[in-house]
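Dock chain X against chain A, hints included.
Protein chains in written order, with my numbering: chain A, 1 to 217; chain X, 1 to 117.
Be aware that a few hints might be false.
[Unchecked claim] Pairs of lysine-lysine, DSSO-like flavour, derived with a Cα cap of 30 Å:
| no. | chain 1 | residue 1 | chain 2 | residue 2 |
| --- | --- | --- | --- | --- |
| 1 | X | Lys105 | A | Lys113 |
| 2 | X | Lys105 | A | Lys78 |
| 3 | A | Lys80 | X | Lys17 |
| 4 | X | Lys17 | A | Lys78 |
| 5 | A | Lys113 | A | Lys78 |
| 6 | X | Lys17 | A | Lys8 |
| 7 | A | Lys8 | A | Lys113 |
| 8 | X | Lys17 | X | Lys30 |
| 9 | A | Lys80 | A | Lys113 |
[Said to hold, decoys possible] To spell it out: a stretch of chain X is covered by chain A in this simulated footprint if at least three of its residues, at any positions, have a beta carbon under 8 Å from a beta carbon of chain A; those stretches are:
| no. | stretch |
| --- | --- |
| 10 | 42-49 |
| 11 | 81-90 |
| 12 | 100-109 |
Honestly, the hints are just simulated from the structure, not real lab data.
For glycine and all other residues, C-beta sits at the position ideal for the given N, C-alpha and C.
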Amino acid sequence: MVPMLSPKRAFECEEIALEARADIGIRAGDLLNPEILADHLAIELRPLVLYSSDLPDEVRHLTEEARSAFSAVMVYRKRKRMIVYNPAHSPRRHVNTIAHELAHVLLEHRPTKLLDSTGSRIWIAADEEEADYMAGALLVPLSAVEAVMDRMEGNLVDAAEHFGVSENLMGHRVEVDRDSVQVEISELDRLVGGGRPVPQIRSIETEAASIAPPLLA
Amino acid sequence: MRREIDVSALYGALDSKRSARDLSWRGLAKEIGLSSSVFTRLAQGRRPDFESYIQMTEWLGVDLERFIGGQRPTETETEETVAAISAHLRADESLKPESARAIEKIVQAAYEEMAED
Numbered sequence: 001m002v003p004m005l006s007p008k009r010a011f012e013c014e015e016i017a018l019e020a021r022a023d024i025g026i027r028a029g030d031l032l033n034p035e036i037l038a039d040h041l042a043i044e045l046r047p048l049v050l051y052s053s054d055l056p057d058e059v060r061h062l063t064e065e066a067r068s069a070f071s072a073v074m075v076y077r078k079r080k081r082m083i084v085y086n087p088a089h090s091p092r093r094h095v096n097t098i099a100h101e102l103a104h105v106l107l108e109h110r111p112t113k114l115l116d117s118t119g120s121r122i123w124i125a126a127d128e129e130e131a132d133y134m135a136g137a138l139l140v141p142l143s144a145v146e147a148v149m150d151r152m153e154g155n156l157v158d159a160a161e162h163f164g165v166s167e168n169l170m171g172h173r174v175e176v177d178r179d180s181v182q183v184e185i186s187e188l189d190r191l192v193g194g195g196r197p198v199p200q201i202r203s204i205e206t207e208a209a210s211i212a213p214p215l216l217a
Numbered sequence: 001m002r003r004e005i006d007v008s009a010l011y012g013a014l015d016s017k018r019s020a021r022d023l024s025w026r027g028l029a030k031e032i033g034l035s036s037s038v039f040t041r042l043a044q045g046r047r048p049d050f051e052s053y054i055q056m057t058e059w060l061g062v063d064l065e066r067f068i069g070g071q072r073p074t075e076t077e078t079e080e081t082v083a084a085i086s087a088h089l090r091a092d093e094s095l096k097p098e099s100a101r102a103i104e105k106i107v108q109a110a111y112e113e114m115a116e117d
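One chain only, chain X, in its complex shape:
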């Protein structure tokens, strides 16, 4: 079995401790001495480089092995309907209903394509 960093679990652990301490991701980045973009990349499912990983586990106070494991079966997730999908939309403030419907369709399609890891 291939061993690799469980990005999802790592992100979750960082996010919990960060929220509990009322830190922004940028604040956490400064505290650990990493660039904020490391956490954005992590959110996107990219594995951190080893140096960053060491610093993250140190900050979490867990041992290095903590997030290293074999590939697990991905959690089953209920797909959200478009009414529940969240987004940042850049469009006219007064969208015509037809345009709003078209954007909804696109958003739903994009959401369905985004693979979970």
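The following block holds chain A by itself, in its conformation from the complex:
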């Protein structure tokens, strides 16, 4: 079932992900810390607890009783954005949450109103699906999956550790239908190569020593 996007759109996500990685000076096989990407994009990340003094009941509710229900919200004021996230989650869920919110930015999705008139959240399935795929592409680029899995001798747990993501996400990335998407991956050099550093997966072995440990672990 992965990906549900069209191969063309999935490929575009992979391409945008590699551009974003090149922007912050990392390669396809490196660990991406989404907090560094947010900083590069000048998008402020705020933990929910910053609102504890003004909104103690709301913060307590969202970090305790409803802690699993709320991950983050990106708030827009005209063209500006800010992300408020739930700090009560595991580091790997946090990584995925922030990558998902940044994916909306990279994909230039239009924000929506928060809730409809009945108080239900507004949900644009196509955008959410794209952002989910994009978050995976950012954290675990398809062009690096095979090399990293080989290096980890097929061990999903180690590969997830390498990228600082959940095993669940790593599993999804391994299952992406490469025949449909990766055919075009080889085109990436040509497409994103124009004068800028091109992310290369063959650097994984030689770069192993310089790969940073997961910042949030």
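Just chain X, lined up with the frame of chain A:
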């Protein structure tokens, strides 16, 4: 008076021409030869570096001085009520009403803190 780039006006001009030409920000970035993140940073109120600024004004076909001015009084903006604030929410599809209300309060507070420039 300190002279600086009027980021808001620059962003507005780029956005108008971009929309008129049906370009995404990424498409514009490719056309000018800049990284897309330059425009995201601009949207966040950061000033571009001088090289990027030159390329932006060239693309717009205006002279370099066009967006350089003294600090202007910020436009008065009516604050939006939470019903009108837009967002990208990552949460359970079926939120309990109590949780939805709590998130609304947080969003309103965050919105009010975001300074306009």
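Each hint, compared with the structure:
1. Using a Cα cut-off of 30 Å, the hinted pair X:Lys105 and A:Lys113 holds, with the two alpha carbons roughly 14 Å apart.
2. Restraint check for X:Lys105 and A:Lys78: the C-alpha separation of about 19 Å stays at or below 30 Å, so the hint holds.
3. For the suggested pair A:Lys80 and X:Lys17, the alpha carbons sit about 19 Å apart, so the restraint of at most 30 Å is met.
4. Straight-line distance between C-alpha atoms of X:Lys17 and A:Lys78 comes to about 18 Å, which keeps the hinted pair within the 30 Å bound.
5. Proposed proximity of A:Lys113 and A:Lys78 is supported: the alpha carbons are some 13 Å apart, at most 30 Å.
6. Taking the CA atoms of X:Lys17 and A:Lys8, the gap is about 27 Å. The hint holds against a cut of 30 Å.
7. For the hint pairing A:Lys8 with A:Lys113, the CA-to-CA distance comes to about 29 Å; that is within 30 Å, so the pair holds.
8. Distance check on the hinted pair: X:Lys17 and X:Lys30 sit about 15 Å apart at the alpha-carbon level, within 30 Å; holds.
9. Under the criterion of a C-alpha separation no larger than 30 Å, the hint pairing A:Lys80 with A:Lys113 is consistent with the structure, at around 15 Å.
10. Restraint check on the stretch 42-49 of chain X versus chain A: 4 residues with Cβ-Cβ distances below 8 Å, three needed, restraint holds.
11. Coverage of the stretch 81-90 of chain X by chain A holds in this model, with 9 residues showing a Cβ closer than 8 Å to a Cβ of that chain against a need of three.
12. Check on the stretch 100-109 of chain X: 9 of its residues sit with their Cβ under 8 Å from a Cβ of chain A, so the three-residue criterion for coverage holds.
Checked against the numbered hints above, the structure violates none of them.
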